[in-house]
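Residue numbers (this note's numbering), protein chains in the order written: chain A, 23 to 333; chain B, 2 to 562.
Treat the hints as calculated values from the structure; they're not laboratory data.
Check each hint, because a few of them may be wrong.
[Said to hold, decoys possible] Computed footprint of chain A on chain B, listed as stretches where at least three residues anywhere in the stretch have a Cβ under 8 Å from a Cβ of chain A: (1) 87-96; (2) 99-105; (3) 497-508.
[Said to hold, decoys possible] To list a few chain B residues with every Cβ distance to chain A over 12 Å, as calculated: (4) GLY73; (5) ARG82; (6) GLU111; (7) GLN112; (8) MET113; (9) GLU126; (10) MET166; (11) GLU191; (12) SER246; (13) SER298; (14) ASP371; (15) PRO403; (16) GLN420; (17) SER421.
A virtual CB, placed ideally from N, CA and C, is assigned to each residue, including glycine.
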Amino acid sequence: MIAYAIQRILIAMLIVLLAVTTLFVMIQFVPGDPANVMLGPRATPELKEALRERLHLNDPFIVQVYHFFIGVMRGDLGVDLTSNRPVLNILIEQVPYTASLVLAVLLIALLGIPIGTYAAVHRDGLFDQVSGVVSVSLIAIPPIVIGLYLILIFSVQLQWLPAIGAGEGPWEIILHLILPTLAIGLTWIGYVSRLVRASVIEVLGQNHVKTARAFGIPNRRVMRAYVLRVALPATVTVLGVSIGFILSSAVIVEILFARPGIGKLMYDAVISRNYPVVMGTVLASTLFIVTATTIADLLNVMLDPRSREAG
Amino acid sequence: MSTQPLLVDIRNLTIRFGAVEAVRSVTMQVGAGRIMGLVGESGSGKSTLANAIIGLLPPAAEITQGSMTFEGRDLLSFSNRDWQRFRGQGVSYVSQDPMSALNPALRIGEQMLDIQHWNDGGRPEKMQVALNALKQVKMPQAKARLGMYPHELSGGQKQRVCIAMAIMARPKLLIADEATTALDATLEVEIVKLLKELQRDIGCAMLFVTHHLTVVEELCEDVTVMYHGDIRESGTVQDVFSTPSEAYTRNLLSCDPSRIEEKCRRLPIMSDLGLKSIADPERDAARIDQTAKPLLSIRNLDVTFRKPRSITDLISGTPERRVEAVKSASIDISPGETVALIGESGSGKSTLARAVFRLVPAGRGEIEFDGTDLLSISQREMRPFRNEMAMMLQDPIGSLSPRMPVGTSVIEPLIISGQSKGKDLRSEAIKLLELVGLDEGFVNRYPHEMSGGQARRVGVARALALRPKLVIADEPTAGLDVSIQGEIFNLLAELRETMSLSILIITHNLHVVRHLADRMVIMYHGEIVETGPTEDVVSAPQHSYTKVLLAANLHAKFGTG
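So here's chain A without its partners, still in its complex pose (with noise of 0.2 Å):
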C-alpha cells in the first residue's frame, strides 16, 4: 500500500511536470509579444529589448523552463506584468475562491450516490424513470446555460440569491457558492447518479449479495457493506478524473458570475499576455488535479482490496 502510494505520487509529480513543459511549447506558438502588450504601440526597440531580457524572453525556452522550475522550488513564481506583484501571492488570494467552488460541486455531486442508489433497488419504479430522465437532461445541458438560467430566475425574478462576485462573510460567501455551484453540480449530481444505479443494479446481481441474504444479514449492513462497498470505487475513480472537467467548467462559470478565482485570472492572464500570471494559473490547476486524481486512486485502492496488488 505505501509503495503503491510512493509510486502514485512520483507518478504525479512526473505529470506535473510534463503538463508545466507542455505548456511553456505551446505559449510560444501564441501570437503576440508581451514586451509590446506591456509597453504600448510606441515604445523604443531598446526598451522592449530591455523587458525582454528581463523576462528572460530571449533564452532559449529549455532554459526558460530550467528558470521557471527553479523559480517555483523557491516559491517564486516571478511577478505580475501588469500590477508588478508577485504571482504566487495573487495565487493565494485567488485559489480558495476556485477551490471551494470545485469543493462545494464535488459535495452535491455526491447527492448521486443516495439518488442512484434507491433507483437501483427500485429499479423501472416511477422515481427510477424520473430521475432516470431527469438526470440524462441535466447532463445534456452545458454548466453556462443551467447558470445563465439560475440567474434569470433566482437572481432577476425571484431576487432570492446574489449573481455576481463572491462575497465577505461566511453566511455571504455560502450564498454568493450556491448559484454557481449548481450551474455546474446539477450536471454531475445527473452523471453521478447514473453511474452509481448502473453499479449497484450490476452488484446487486451478484453471486455474494444472494449469500449474505442467504445467511440472513439484514438488508442495511447488505446494502452498505456488501453493494455500496463494491460498486462506489468505480465511483470515486469518476470523480476524481471528473476534477479536471469541474476546473475547466469553473473557467466559465467564473466569468459568467464575475466570480474571482483562479479561472478568472487565467483568462484575463491569457488575453493580455502575462505570461508569469499564465504559468502560475496552470501550475495552479495541473497540481490541483494531479493531486485530486492521486487521491482518488489512493481512496479507490484503500476501497477495494483486489487493485492493491496492482502496481
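Place chain B on chain A using the hints.
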C-alpha cells in the same frame, strides 16, 4: 422413506415465472439429519425449489399453490424478519460458484462476523466462533485466513470458507446448490468428503442439488429426481440407483459417461433407450491414417508470457517477470485422429491450442501443419492455414453475437475468409446446420432462444463452415448435462468419420473424453507428463498425476457403481 422426524415438508408446491411453471405441484420431504440429493438437468427446476426453501426466489417468481413447512412452521407465511432470523440458523446455503460467493471488499473474518447476527457475544467471541469453523473445514492456517481478502484464496479454499460459514450456526438444514460443480475433479472429491464428515459431526440434514450423479451416489442417502418441473422419482439412493422405476432415471443413469466402463464409439443419450456399448477397434483403426505424415506436429514448443514492468519496476530495476505456460511440449496428430489434451485449469492446455493458431507468441519450438512450419511464416501467410483449422470455443452462447441470427453467425467464417462469393449463403447455412442436426428453422433464431446443447451444435457448425482439416475443441462440453454432453461427443464422432476430421479436444475431465479420444496427452504445470493410446493411459497410467486424475473419477475412488 425414513423413521426420522420430518424437517422439510413440501406439498403440491407450484412456482411460476409468468406463464412458465418452473416447479409443478411438487411434493418432497427431507427427514432430519438425512442427506437428500436433488438431481436433474439444468432447467429442471431443482435450483428454483432450493431457493424457495431459503426464501430467495427472484421477484418474478410466484408461488401459486401448495404448502411448505420447516419443523412444522409454515414457511409461506414468513415475514421478511422471520426469514432473516431463519436463514443461517434454520437453513444455510452453499452456492454454486465459490469464486463469486464472497464479498471481494471485505476480509474473510469480517464476513464471518457479519453472518453471526444470531450471536449476542462480543467481537472476540464471534472471531473465535469463526476461527473454530475454519478449523472444522480443515482450512490450513485458519487464523491468518481471517485477515485475508477473498482474492487471496484459491477456489478450493474459498469453497471451504463458504462451507465454514454455512455450518457456523449449526443449521438444521444445509442446502448445497451445485457446490462442487465449478471445482476441479480432485478438489471435488475433497469437498464431498468434507461435506459428508461435517454433516455427520453436526447432525444437520443436507439438500444437495446437482446434476452430477456420481456425487449423489457417493454422498447422499435419499435422492429426488426432477425433470421439467416435475418430480419423477424419489427414494433411497440404493433403491433408485439399483432399480430405477422411471424411464427417465434409467436414462439419466445410463448417460453418465463415468458409469460406462468399456470404451464405446457412441455415448448413450436420452433419446436412445437400452443402447449397448459398440466399441469397434477396427473402424477406429481404419479411420486413422497412421502411415501418413502427422497433420499437426508440435515439437518442443515453449510459450512464455512476460508480465509488463511497471514504472517502479523500471526505477528499482526489478527484472521482467516471466511465466512459462508451456514447456517443451511435443504432440503429433495424424489425419483422422482424435487426441484429448487433459490437464487442470492453469496447466497450459488452452495456451498450447492458441499457440497453434498463432494467437499467442510462441517461443522456441516447431509447429508443423500439413508440412508447413507455422512459426516461420508471417501472420499474413498464416491466414490460409487458419481456414484449415477451426477452433470451437468454450462458451458457445458467449461466442455467438447476441444480435445476430444463428444462420448468419454460422456462415460468418465464409464471409471473413472471402469464400462467400457466388454461393447461396442461406442454403449454405442450412446445410451446415443440418450437418449438426439442427433443422432449417434455426437459421432465424437468436442465441438466447436456444438451449445450451443447441448452442454448442451451432458452435460445431461454425467451426466446420470452412471444411477444416483440424478442429480444436476447448472444453466442448463444460457445464453441460450428461445427456447433452453425450450428444455433442456423438456428433463429433460422426463428423470425424464423414468429414475425416482430426480433432484435438481440450478438457480437464478425463473420463468424459475416454470414449471419444484415440490418444490422450496429459499436461501438468505446462509440461506434457504422459501420452499414449486411451486404453493404455486409462488402464495403466504411468505418471503419478495421471493416477490422481483417474482417481478423481469418483467411481474409481470409492469403488461404487
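Hints, verified against the model:
1. Given as covered by chain A, the region 87-96 of chain B passes the check, having 7 residues with a CB less than 8 Å from a CB of that chain where 3 are the minimum.
2. A stretch counts as covered by a chain when three or more of its residues have a beta carbon under 8 Å from one of that chain; for the region 99-105 of chain B and chain A the count is 5, and the coverage holds.
3. Counting residues of the region 497-508 of chain B whose beta carbon lies closer than 8 Å to any beta carbon of chain A gives 0, which falls below the threshold of three, so the coverage claim is violated.
4. No Cβ of chain A comes within 12 Å of the Cβ of GLY73 of chain B; the nearest lies about 20 Å off, and the non-interface call holds.
5. For ARG82 of chain B, the non-interface assignment is contradicted: its Cβ lies about 10 Å from the closest Cβ of chain A, within the 12 Å cut-off.
6. Not every beta carbon of chain A lies more than 12 Å from that of GLU111 of chain B, the smallest distance being close to 8 Å; the non-interface claim is violated.
7. The claim that GLN112 of chain B lies off the interface is violated: its Cβ sits roughly 8 Å from the closest Cβ of chain A, which falls inside the 12 Å cut-off.
8. At roughly 10 Å from the closest C-beta of chain A, the C-beta of MET113 of chain B falls inside 12 Å, breaking its exclusion from the interface.
9. At roughly 18 Å, the least C-beta separation between GLU126 of chain B and chain A is larger than 12 Å, which holds for a residue marked as non-interface.
10. Not every C-beta of chain A lies more than 12 Å from that of MET166 of chain B, the closest at about 7 Å, which undercuts listing it as non-interface.
11. Every Cβ of chain A is farther than 12 Å from the Cβ of GLU191 of chain B; the closest lies at roughly 21 Å, confirming the non-interface assignment.
12. With a cut of 12 Å on Cβ distances, SER246 of chain B stays outside the contact zone with chain A, its closest approach being about 34 Å.
13. Every C-beta of chain A lies more than 12 Å from that of SER298 of chain B, the closest at about 40 Å, which supports listing it as non-interface.
14. With a closest Cβ-Cβ approach of about 43 Å to chain A, ASP371 of chain B is found to remain outside the 12 Å limit, as its non-interface label requires.
15. Its beta-carbon lying about 17 Å from the closest one in chain A, PRO403 of chain B satisfies the requirement of being farther than 12 Å from that chain.
16. For GLN420 of chain B, the condition that its CB be more than 12 Å from all CB atoms of chain A holds, with the nearest at approximately 41 Å.
17. For SER421 of chain B, the requirement that its beta carbon stay farther than 12 Å from each beta carbon of chain A is met, with the minimum near 39 Å.
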